[in-house]
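A.B. asks: Listed in order, the protein sequences are those of chains X and B.
Once you know that position 16 of the first sequence is 16 in my numbering, the rest is easy, because the numbers rise by one and skip nothing.
Once you know that position 68 of the second sequence is 68 in my numbering, the rest is easy, because the numbers rise by one and skip nothing.
Just so you know, these hints were derived from the structure itself, not from any lab.
If you're wondering where the values come from, they're calculated on a predicted model, not measured in any experiment.
Incorrect hints may have been included.
[Claimed, not checked] Computed cross-link-like contacts, BS3-like style, restricted to lysine-lysine with a CA-CA straight-line distance of at most 30 Å:
#1 X/Lys22 with X/Lys42
#2 B/Lys66 with X/Lys42
#3 B/Lys55 with X/Lys22
#4 B/Lys14 with X/Lys57
#5 B/Lys66 with X/Lys22
#6 B/Lys41 with X/Lys57
#7 B/Lys64 with X/Lys71
#8 X/Lys22 with B/Lys20
#9 X/Lys71 with X/Lys37
#10 X/Lys42 with X/Lys57
#11 B/Lys14 with X/Lys42
[Claimed, not checked] Some chain X residues near chain B, calculated using beta-carbon distances under 8 Å:
#12 Lys42
#13 Leu46
#14 Leu104
#15 Gly107
#16 Thr108
#17 Ala113
#18 Pro116
[Said to hold, decoys possible] Derived Cβ-Cβ restraints for the label pairs, each shown as a range:
#19 B/Gly16 with X/Glu56: 51 to 61 Å
#20 X/Glu15 with B/Ser5: 31 to 41 Å
#21 B/Arg10 with X/Thr10: 22 to 32 Å
#22 B/Pro8 with X/Gln45: 12 to 22 Å
All C-beta atoms in this analysis are idealised placements derived from N, C-alpha and C, irrespective of residue type, glycine included.
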Amino acid sequence: GENVEQHPSTLSVQEGDSAVIKCTYSDSASNYFPWYKQELGKGPQLIIDIRSNVGEKKDQRIAVTLNKTAKHFSLHITETQPEDSAVYFCAASMRLSDGATNKLIFGTGTLLAVQP
Amino acid sequence: GAVVSQHPSRVICKSGTSVKIECRSLDFQATTMFWYRQFPKQSLMLMATSNEGSKATYEQGVEKDKFLINHASLTLSTLTVTSAHPEDSSFYICSARVPVTWTYNEQFFGPGTRLTVL
């Protein structure tokens, strides 16, 4: 079945440095790749996403890249701040049997700690 | 826009009782909602996909008679944990898919419900 691997599981950086989280997926039919930030005790918050017809997308300090051939996608956070500390999840879409609905398969998460 | 609420945020119940969790899309109509369960320090595990007006589709290994899902309107889905036991204690999170006319596939999550079964 569909599988999404995420690395690293924990990442500690100094404030101002960059952070990179990488994911790989197995289903070549996946066409939507969101990234979520989850703070302790809260629900995941969509921070950026990318579709399979695009190779890169940027939103201020956050960027996502997608390599469809290699089935890799990555999250890049520049100029990290302490408030960026959280668990980050990648996800890949998977088509359900009804042919119209997509579900998300989540990676295992990365605990990012930004040290002031 | 795209706000999803959940109620209650926390619930503590005795073993054997049933608990209902509500998920609402506040500013959009969601034909599809999803229910996830998350154990401490783990990822989100999809339990079921809920389509308005039809039966939910459960993931393999999820007991449909134990986790009852109702999606009676375009803004409300409910998850009822029946005869709850301590092993059902978890963080339950719903998400709602935005209308296809907005963008494709985006899901927005609720704040989650912490269930503790004594």
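A.B. asks: Indicate, hint by hint, whether the structure satisfies it.
C.D. replies: Consistency of the hints with the structure:
no. : hint                             : result
1   : X/Lys22 with X/Lys42             : holds (23 Å)
2   : B/Lys66 with X/Lys42             : holds (25 Å)
3   : B/Lys55 with X/Lys22             : violated (36 Å)
4   : B/Lys14 with X/Lys57             : violated (48 Å)
5   : B/Lys66 with X/Lys22             : violated (36 Å)
6   : B/Lys41 with X/Lys57             : holds (29 Å)
7   : B/Lys64 with X/Lys71             : violated (33 Å)
8   : X/Lys22 with B/Lys20             : violated (37 Å)
9   : X/Lys71 with X/Lys37             : holds (22 Å)
10  : X/Lys42 with X/Lys57             : holds (26 Å)
11  : B/Lys14 with X/Lys42             : holds (24 Å)
12  : Lys42                            : holds (6 Å)
13  : Leu46                            : holds (6 Å)
14  : Leu104                           : holds (6 Å)
15  : Gly107                           : holds (7 Å)
16  : Thr108                           : holds (5 Å)
17  : Ala113                           : violated (14 Å)
18  : Pro116                           : violated (24 Å)
19  : B/Gly16 with X/Glu56: 51 to 61 Å : holds (53 Å)
20  : X/Glu15 with B/Ser5: 31 to 41 Å  : holds (33 Å)
21  : B/Arg10 with X/Thr10: 22 to 32 Å : holds (27 Å)
22  : B/Pro8 with X/Gln45: 12 to 22 Å  : holds (20 Å)
Checked against the numbered hints given earlier, this structure breaks hints 3, 4, 5, 7, 8, 17, 18; the rest are met.
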